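**Student:** Sequence:
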Amino acid sequence: MSVQSFVSKRKKHFIGLSAPLGYVPGLGRGATGFTTRSDIGPARDADDISDDRHAHNKKQKTDEEEEEDLNDANYDEFSGYGGSLCGKDPYDEDDKEADQIYDAIDKRMDEKRKERRELKLREDLEKYRQERPKIQQQFSDLKRNLAEVSEDQWLNIPEVGDARNRKQRLARKDQFTPLPDSVLAGAVARTGNATSISDRDQKYGGINTPFGAITPLGTSTPGDIDMKKIGEARNTLMDIKLTQVSDSVSGQTVVDPKGYLTDLQSMLPSHGGDINDVKKARLLLKSVRETNPKHPPAWIASARLEEVTGKLQTARNLIMKGCEECPKSEDVWLEAARLMPADQAKAVIAQAARQLPSSVRIWIKAADLETELKAKKRVFRKALEHIPNSVRLWKQAVELENEEDARIMLSRAVECCPTSVELWLALARLETYDNARKVLNKARENIPTDRQIWITAAKLEEANGNNHMVDKIIDRALNSLRANMVEVNRDLWIKDAEDCEKSGSIVTCQAIIRAVISVGIEEEDRKHTWLEDAESCATHSAVECARAIYAFALAEFPSKKSIWLRAAYFEKSHGSRESLEALLQRAVAHCPKAEVLWLMGAKSKWMAGDVPAARSILALAFQANPNSEEIWLAAVKLESENNEYERARRLLQKARASAPTARVMMKSVKLEWCLGEIQNSKTLLVEAVRHYSDFPKLWMMKGQIEEQQGEKEAARDAYNQGLKKCPKAIPLWLLLSRLEEKNGQLIKARSILEKARLKNPQVPDLWLEAVRVENRAGLKNIAQNLMARALQECSNSGILWAESIAIEPRPQRKTKSVDALRKCEHDPHVLLAASKFIFWAERKISKAREWFHRTVKIEPDLGDAWAFFYKFELMHGDEESQNEVRKKCINADPRHGEYWCRVSKDIQNWRLKTEQILPLVSELAPLPT
1 MSVQSFVSKR
11 KKHFIGLSAP
21 LGYVPGLGRG
31 ATGFTTRSDI
41 GPARDADDIS
51 DDRHAHNKKQ
61 KTDEEEEEDL
71 NDANYDEFSG
81 YGGSLCGKDP
91 YDEDDKEADQ
101 IYDAIDKRMD
111 EKRKERRELK
121 LREDLEKYRQ
131 ERPKIQQQFS
141 DLKRNLAEVS
151 EDQWLNIPEV
161 GDARNRKQRL
171 ARKDQFTPLP
181 DSVLAGAVAR
191 TGNATSISDR
201 DQKYGGINTP
211 FGAITPLGTS
221 TPGDIDMKKI
231 GEARNTLMDI
241 KLTQVSDSVS
251 GQTVVDPKGY
261 LTDLQSMLPS
271 HGGDINDVKK
281 ARLLLKSVRE
291 TNPKHPPAWI
301 ASARLEEVTG
311 KLQTARNLIM
321 KGCEECPKSE
331 DVWLEAARLM
341 PADQAKAVIA
351 QAARQLPSSV
361 RIWIKAADLE
371 TELKAKKRVF
381 RKALEHIPNS
391 VRLWKQAVEL
401 ENEEDARIML
411 SRAVECCPTS
421 VELWLALARL
431 ETYDNARKVL
441 NKARENIPTD
451 RQIWITAAKL
461 EEANGNNHMV
471 DKIIDRALNS
481 LRANMVEVNR
491 DLWIKDAEDC
501 EKSGSIVTCQ
511 AIIRAVISVG
521 IEEEDRKHTW
531 LEDAESCATH
541 SAVECARAIY
551 AFALAEFPSK
561 KSIWLRAAYF
571 EKSHGSRESL
581 EALLQRAVAH
591 CPKAEVLWLM
601 GAKSKWMAGD
611 VPAARSILAL
621 AFQANPNSEE
631 IWLAAVKLES
641 ENNEYERARR
651 LLQKARASAP
661 TARVMMKSVK
671 LEWCLGEIQN
681 SKTLLVEAVR
691 HYSDFPKLWM
701 MKGQIEEQQG
711 EKEAARDAYN
721 QGLKKCPKAI
731 PLWLLLSRLE
741 EKNGQLIKAR
751 SILEKARLKN
761 PQVPDLWLEA
771 VRVENRAGLK
781 NIAQNLMARA
791 LQECSNSGIL
801 WAESIAIEPR
811 PQRKTKSVDA
821 LRKCEHDPHV
831 LLAASKFIFW
841 AERKISKARE
851 WFHRTVKIEP
861 DLGDAWAFFY
871 KFELMHGDEE
881 SQNEVRKKCI
891 NADPRHGEYW
901 CRVSKDIQNW
911 RLKTEQILPL
921 VSELAPLPT
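Numbered by the working numbering, the letters in the sequence shown go through residues 1 to 929 in order.
Note that these hints are calculated values from the structure, not bench results. Incorrect hints may appear among the rest.
[Stated by the list, open to error] Cut-off 27 Å, straight-line C-alpha distance, at most; resulting in silico cross-link-like pairs (DSSO-like, lysine-lysine):
| # | residue 1 | residue 2 |
| --- | --- | --- |
| 1 | 442 | 459 |
| 2 | 724 | 759 |
| 3 | 670 | 376 |
| 4 | 395 | 376 |
| 5 | 725 | 780 |
| 6 | 438 | 502 |
[As the list claims (entries may be wrong)] Between beta-carbon pairs, the in silico distance windows are:
| # | residue 1 | residue 2 | range |
| --- | --- | --- | --- |
| 7 | 674 | 623 | 28 to 34 Å |
| 8 | 504 | 896 | 54 to 60 Å |
| 9 | 910 | 660 | 38 to 44 Å |
| 10 | 896 | 138 | 19 to 25 Å |
| 11 | 556 | 902 | 20 to 26 Å |
| 12 | 557 | 619 | 27 to 33 Å |
| 13 | 623 | 650 | 55 to 61 Å |
| 14 | 748 | 154 | 26 to 32 Å |
Only a predicted model underlies this, so the values are computations on that prediction, with no experimental measurement involved. Where a beta carbon is used, it is the ideal one built from N, C-alpha and C, also for glycine.
Required output: the full structure, derived from the provided sequences and hints.
**Tutor:** Next comes the structure, spelled out in structure tokens:
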């Protein structure tokens with residue numbers, strides 16, 4: 001190959017061609033310096049032909065940019081590459097509808113997940129709050145104490161000290177000293193313009209002044225200030241002020257401080273609003289008055305506005321102008337009478353009566369303005385001449401008269417107002433019996449649709465001894481009212497019966513109940529409705545109404561045991577012993593198989609001290625209910641309580657022969673145990689557990705007897721055998737655990753309680769015993785952990801919350817009690833713990849007494865509450881409060897409570913009554929600390 005051909009082959013195609021438009025040599029390698037396009041402007045003129053050589057490249061670049069982004073960062077395994085596949089297509093109605101459908105589906109799916117998402121969010125928030133409580137929650141127990149801070153304690157809280165340094169705290173205040181007149185005169189001389197030259201100025205040329213010479217001010221000009229006259233005027237003004245407030249002789253003040261303050265107060269507006277609001281209201285009301293001067297509320301509002309702002313005279317002028325513009329408005333006249341002084345108010349109200357003679361309110365206001373009784377009567381009589389049919393005027397006029405004049409006026413009143421029931425009844429009360437009957441007959445003729453007239457007639461007959469007429473009158477009343485298309489509302493009639501009882505008309509009350517108790521009640525709802533009515537009447541202290549309802553219900557349902565029981569409990573609470581016994585005699589005659597009625601009758605006789613009568617009632621009960629366990633045991637209790645032990649033994653022997661039950665065997669064992677016959681009780685127990693091995697109390701008694709005799713192994717065997725037969729008997733587990741604890745076997749006691757909790761989950765008594773075992777052993781930390789687990793498993797147990805309050809340190813007790821009351825608001829154990837540890841231990845006597853009352857009211861059968869209450873009154877109360885607690889406890893006759901059962905079920909105290917047990921339990925109960 002030749003050199004020429006090689007050169008031709010290596011030659012570039014653009015060599016020899018002209019340079020392209022806009023080419024700058026060396027620009028590509030940076031050889032042209034740092035001059036840029038922005039420094040020299042555009043490379044071509046505006047009218048140059050555009051260079052389209054790179055147009056194709058730009059279009060290609062734009063197309064490439066619009067292509068889909070296929071980068072890996074824009075790829076998703078589920079949805080593919082990002083962006084719309086149809087982005088270049090037009091967006092039509094089908095696309096819009098499809099988007100709406102997809103949006104609805106997304107919204108529906110979001111709603112389905114919303115509840116779960118919100119629940120999870122709440123749980124996370126609660127967890128976060130528990131881990132990081134707010135400052136407010138950390139000080140919640142301290143903030144609760146602010147409710148007990150008295151006003152004096154709050155005012156005595158010291159102010160926050162000033163933390164600034166001494167220089168800042170004791171900064172010197174600006175002091176201003178009044179300038180003497182010479183300084184002011186000098187200032188005038190320096191700033192004033194002289195209009196003449198004095199001889200001294202002409203002599204010395206105005207340049208030098210002889211030392212010590214006085215420079216004259218020159219001639220005065222009209223603009224000069226005469227400082228001497230100003231000083232004299234000031235002294236004169238001060239002298240006038242001093243003369244007003246001081247005595248010229250002794251110098252003592254003659255200003256009354258109270259009067260001075262009162263005068264200042266009268267100058268201030270008594271309202272609390274802004275003065276601009278008053279001006280706006282005044283302008284608005286003025287516009288209303290000018291627009292409609294016959295509008296009475298505008299004048300009244302304007303007068304009251306001025307009265308509030310302290311301009312009483314302006315208010316009076318406005319309201320009198322209103323009376324002139326609205327002479328037929330009684331409200332304007334009454335407002336004018338209110339604003340005027342007493343003497344002028346009479347004149348105003350007299351003018352009002354002339355303008356409106358038929359206005360009842362104006363006449364009553366006129367009577368109120370009078371001070372003498374005679375003048376009041378004269379005003380009312382004048383008013384009745386103009387308005388004879390006003391019931392209100394007649395009533396107020398009658399109230400001022402004596403009995404004879406009132407009767408005469410009422411006779412005239414019922415003629416003028418024949419439809420007023422009150423006037424007819426008032427007249428009937430003042431008349432004699434015969435005249436009252438005539439008055440009520442006339443009233444019924446004039447007002448045949450009112451029931452009060454009939455009820456008053458019945459009460460009138462009862463008051464005069466005609467009880468047989470009462471039922472007839474009430475029946476005629478119902479028939480008459482139905483004939484006049486009046487609906488008989490039984491609730492209103494029962495309310496009237498209660499009012500009759502309160503007024504002493506018992507026969508009328510009972511007649512009303514008998515007449516209306518069945519009105520508007522379905523056949524199947526009668527019993528339920530009547531019992532509710534009786535309870536409602538008893539709640540309203542209407543004892544006779546409730547007794548009448550029970551009597552009517554028993555007449556309709558004589559064989560219903562539940563009604564007899566409710567009536568008996570009612571008589572026990574509200575009646576006498578005689579009425580209760582009479583009712584029970586009727587009850588057992590109609591329901592001889594009701595054992596509880598026989599037992600109530602026998603107990604009533606026994607409590608009254610009539611033991612033979614109680615025995616005879618129980619004998620009749622035996623005839624009606626042979627082999628009844630309850631009656632056998634009641635007879636045994638009656639004999640044992642009256643020291644007839646041999647008779648009680650014979651009765652129990654007969655009961656074991658004729659009606660052997662587990663309770664009969666238990667009572668037999670207990671009687672022998674109480675009487676000290678341990679061997680007999682053991683023999684009976686052997687027989688009892690052979691026949692009734694599933695009765696836990698027999699095993700408990702067997703173990704306790706062995707434990708009493710010191711036979712620990714025999715007691716343990718008895719408890720273990722009992723637990724095999726009765727694994728659900730919680731007291732057996734507790735007795736076995738305490739036996740092991742007494743023997744020093746703490747680990748064994750723990751294991752027994754753990755086993756008991758496994759077989760009987762969620763039993764608070766077992767958890768409580770486990771906590772107390774650890775506390776008695778001095779293991780406070782283990783006890784706290786057990787209590788936390790117990791409250792998680794039995795979160796609504798009152799005895800556990802009460803124990804948790806007791807074992808908490810004193811600063812944390814209040815917080816724990818708040819949590820306990822939130823979980824068990826009405827639990828008596830929690831209330832008792834709060835009474836002891838929150839109030840009694842903190843010496844809040846009145847609060848503690850209030851909480852003790854709440855506790856015994858919620859659960860009167862809790863003996864511990866009565867014992868602690870009695871101990872509290874022994875320490876902080878007087879003899880009267882102690883006797884009151886003792887009396888209430890005896891009436892409640894409590895049977896439960898930890899300390900109460902420890903004393904009452906002690907075999908040594910088996911014959912003690914409630915009044916004897918209460919002091920013993922109060923001594924045993926520990927003081928709260």
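**Student:** Look at each hint and say if it fits the structure.
**Tutor:** Hints, verified against the model:
1. 442 x 459: 17 Å, holds
2. 724 x 759: 12 Å, holds
3. 670 x 376: Given pair residue 670, residue 376 is violated - Cα atoms ~84 Å apart, limit 27 Å.
4. 395 x 376: 13 Å, holds
5. 725 x 780: Not satisfied, since the Cα-Cα distance of roughly 35 Å exceeds 27 Å.
6. 438 x 502: The given pair, whose Cα atoms are some 26 Å apart, holds under the 27 Å limit.
7. 674 x 623: 28 to 34 Å: 30 Å, holds
8. 504 x 896: 54 to 60 Å: Once the Cβ atoms are compared, 43 Å apart, the range 54 to 60 Å for residue 896 and residue 504 is violated.
9. 910 x 660: 38 to 44 Å: Violated, since residue 910 and residue 660 (Cβ atoms, about 23 Å apart) do not stay within the stated range.
10. 896 x 138: 19 to 25 Å: 39 Å, violated
11. 556 x 902: 20 to 26 Å: Distance hint for residue 556, residue 902 is violated at roughly 49 Å.
12. 557 x 619: 27 to 33 Å: At 28 Å between Cβs, range holds.
13. 623 x 650: 55 to 61 Å: Violated, since residue 623 and residue 650 (Cβ atoms, about 18 Å apart) do not stay within the stated range.
14. 748 x 154: 26 to 32 Å: Because 57 Å falls outside the window, the suggested range is violated.
Hints 3, 5, 8, 9, 10, 11, 13 and 14, counting from the list given before, are not met by this structure.
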